[in-house]
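Take these sequences, add in the hints, and give me the full structure.
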Amino acid sequence: LADFYETPRIRVFSFYIPPGDDPAVYREAVIARMKELARRAESRGVTLLLENEKGIYGDTAQRVSDLLESVGSPALAHAFDPANYVEVGQDIDQAWSLLHARVRHFHVKDYDARTHRNVPAGTGDGQIPSLMERAMEGGYDGFVVLEPHLVVAELSFGFTGPERFADAATALKKILDQLAIAYA
Numbered sequence: 032l033a034d035f036y037e038t039p040r041i042r043v044f045s046f047y048i049p050p051g052d053d054p055a056v057y058r059e060a061v062i063a064r065m066k067e068l069a070r071r072a073e074s075r076g077v078t079l080l081l082e083n084e085k086g087i088y089g090d091t092a093q094r095v096s097d098l099l100e101s102v103g104s105p106a107l108a109h110a111f112d113p114a115n116y117v118e119v120g121q122d123i124d125q126a127w128s129l130l131h132a133r134v135r136h137f138h139v140k141d142y143d144a145r146t147h148r149n150v151p152a153g154t155g156d157g158q159i160p161s162l163m164e165r166a167m168e169g170g171y172d173g174f175v176v177l178e179p180h181l182v183v184a185e186l187s188f189g190f191t192g193p194e195r196f197a198d199a200a201t202a203l204k205k206i207l208d209q210l211a212i213a214y215a
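For the sequence shown, my numbering begins at 32 and goes up steadily by one.
For the record, the hints were derived by calculation from the structure and aren't laboratory data.
Fair warning: there could be bad hints in the mix.
[Claimed, not checked] Here are the simulated DSSO-like pairs of lysine-lysine, each with C-alpha atoms no more than 30 Å apart in a straight line:
(1) Lys85 with Lys205
(2) Lys66 with Lys85
(3) Lys204 with Lys85
And the structure:
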C-alpha cells in the first residue's frame with residue numbers, strides 16, 4: 032500500500048477481539064502479528080501508525096503502550112485518537128502522559144460520553160484543545176488529521192458528509208487560532 036500510494040506512513044489497527052473475550056488471551060498473537068508487520072514496514076522505510084480503536088486489542092492506553100514497547104520497532108508509532116479513548120472510558124490525561132512520546136499522528140475527533148456521539152472538536156470529552164496545547168509545548172511535529180465521523184460512526188466505517196465536515200473544520204480552526212498554531 033505504501034508503494035502504491037507513495038506514502039511513508041500507513042495507519043494500522045491491532046486486530047479485533049471477539050466481543051466478551053479477555054484481550055489478554057490474544058496478547059501474544061497480536062504482538063507476533065504486529066512484530067511481523069513492523070519488520071516488513073521497517074525494511075521498506077515505512078512507519079506504521081497504530082490507532083487505538085474500540086473493540087480491538089489496542090483500545091486502551093496501557094495495551095497500546097504494551098504493544099509499542101513489546102514490538103520495539105522504530106517503524107511502529109501511535110495514531111492518537113482522543114474520541115476512541117473516551118468511548119472506551121480511558122482517562123485522556125493518563126493516555127497522553129503514557130503515550131505522547133510515541134505519537135506521530137493526532138486524530139481530531141471528539142466524543143461526548145454522555146450522549147455517546149462524536150461531536151466537533153472541543154465540544155466533547157476528548158480534551159482536544161488541552162491535548163493540542165500540550166503536544167505543541169512538548170515539541171510535537173507530526174500530523175493533525177481531521178476525522179470527525181459526525182453523521183455515522185460504526186465498526187470500520189465513519190461518515191461526516193460535506194455539511195458536517197465544514198462544522199468539524201471550523202471547530203478545529205477555532206482551536207488552532209486560540210492556540211496560535213499556524214495552518215494552511
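*Distance restraint between Lys204 and Lys85, which requires alpha-carbon spacing of 30 Å or less*: Status holds; Cα separation ~27 Å.
_Satisfaction of hint between Lys85 and Lys66, Cα-Cα up to 30 Å_ = holds (21 Å)
*Are Lys85 and Lys205 close enough, with their CA atoms no more than 30 Å apart?*
holds (28 Å)
In terms of the numbered hints stated before, the structure departs from none.
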